[in-house]
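> The residues making up each chain are set out below.
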Amino acid sequence: QKEVEQDPGPLSVPEGAIVSLNCTYSNSAFQYFMWYRQYSRKGPELLMYTYSSGNKEDGRFTAQVDKSSKYISLFIRDSQPSDSATYLCAMSALDRLAFGKGNQVVVIP
Amino acid sequence: ETGVTQSPTHLIKTRGQQVTLRCSSQSGHNTVSWYQQALGQGPQFIFQYYREEENGRGNFPPRFSGLQFPNYSSELNVNALELDDSALYLCASSGGLGGRADTQYFGPGTRLTVL
Numbered sequence: 001q002k003e004v005e006q007d008p009g010p011l012s013v014p015e016g017a018i019v020s021l022n023c024t025y026s027n028s029a030f031q032y033f034m035w036y037r038q039y040s041r042k043g044p045e046l047l048m049y050t051y052s053s054g055n056k057e058d059g060r061f062t063a064q065v066d067k068s069s070k071y072i073s074l075f076i077r078d079s080q081p082s083d084s085a086t087y088l089c090a091m092s093a094l095d096r097l098a099f100g101k102g103n104q105v106v107v108i109p
Numbered sequence: 001e002t003g004v005t006q007s008p009t010h011l012i013k014t015r016g017q018q019v020t021l022r023c024s025s026q027s028g029h030n031t032v033s034w035y036q037q038a039l040g041q042g043p044q045f046i047f048q049y050y051r052e053e054e055n056g057r058g059n060f061p062p063r064f065s066g067l068q069f070p071n072y073s074s075e076l077n078v079n080a081l082e083l084d085d086s087a088l089y090l091c092a093s094s095g096g097l098g099g100r101a102d103t104q105y106f107g108p109g110t111r112l113t114v115l
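Chains as they are written, first to last, in the numbering used here: chain A, 1 to 109; chain B, 1 to 115.
It is possible that some hints are incorrect.
[Unchecked claim] Taking lysine to aspartate or glutamate and the EDC-like style, the derived pairs with C-alpha atoms no more than 20 Å apart in a straight line are: (1) A/K70 x A/E5; (2) A/K101 x B/D84; (3) B/K13 x B/E75; (4) A/K56 x A/D78; (5) A/K42 x B/D85; (6) A/K101 x B/D85.
Simulated from the structure, these hints should not be mistaken for lab results.
Please build the complete structure, drawing on both the sequences and the hints.
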């Protein structure tokens, strides 16, 4: 079983829709939970992070963590074509980040 | 844009050759981590350097080695290249030992192709 599972299926949504992404994990040692955005041929860019169960909002983005279920989610409200990218969940165990496979999101104008 | 730079941008090598990739960390950061990202996959942790010492290593063979210099820049060396080493190699810098994840800043990566 991989430490971080993220269903890598692509996602196409119309502009203005809500995008919902999620990951599960197996390692209880993970302390920080993040979402990165990666545009084609670029390095990952930190989008959201949290270290406790619950919700965290930043503009149109909401990160949700449920430590008891080992499940994290990212919601993007009012999606825009500029949100088209690959979204990677990641978790931190002190020295390293463990990433999911990523979801390619396409927002159609 | 982060202050992390990587060189070269692209590289083509043949199987069995050796390669050196370079990373300049963001100003003030003393920790550098290297990741390998194969096509369609998430980045995989290779190793981390803190103040010129290796501090943590992922599941990569010894032919993957690294260095960190006094100015905190870093090199990733890969010997005896294999076809499966073709990937995007990412460097991330952060401000301290086991740096909080929110301080890991990624460079643009070096795309390595092994023929």
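> Please go over all the hints and tell whether each is borne out by the structure.
We went through each hint and held it up to the structure:
Between A/K70 and A/E5 the CA atoms are separated by roughly 11 Å; this keeps the pair inside 20 Å, and the hint holds. With a C-alpha separation of about 17 Å, the suggested pair A/K101 and B/D84 falls inside the 20 Å cut-off, and the hint holds. For the hint pairing B/K13 with B/E75, the CA-to-CA distance comes to about 17 Å; that is within 20 Å, so the pair holds. For the given pair, A/K56 sits about 17 Å from A/D78 by alpha-carbon distance, which is consistent with the 20 Å threshold.
Distance restraint check for A/K42 and B/D85: the Cα-Cα separation of roughly 19 Å lies within the 20 Å cut-off, and the hinted pair is therefore satisfied. For the hint pairing A/K101 with B/D85, the CA-to-CA distance comes to about 17 Å; that is within 20 Å, so the pair holds.
Going down the numbered hints, you'll see the structure goes against none, and every one checks out.
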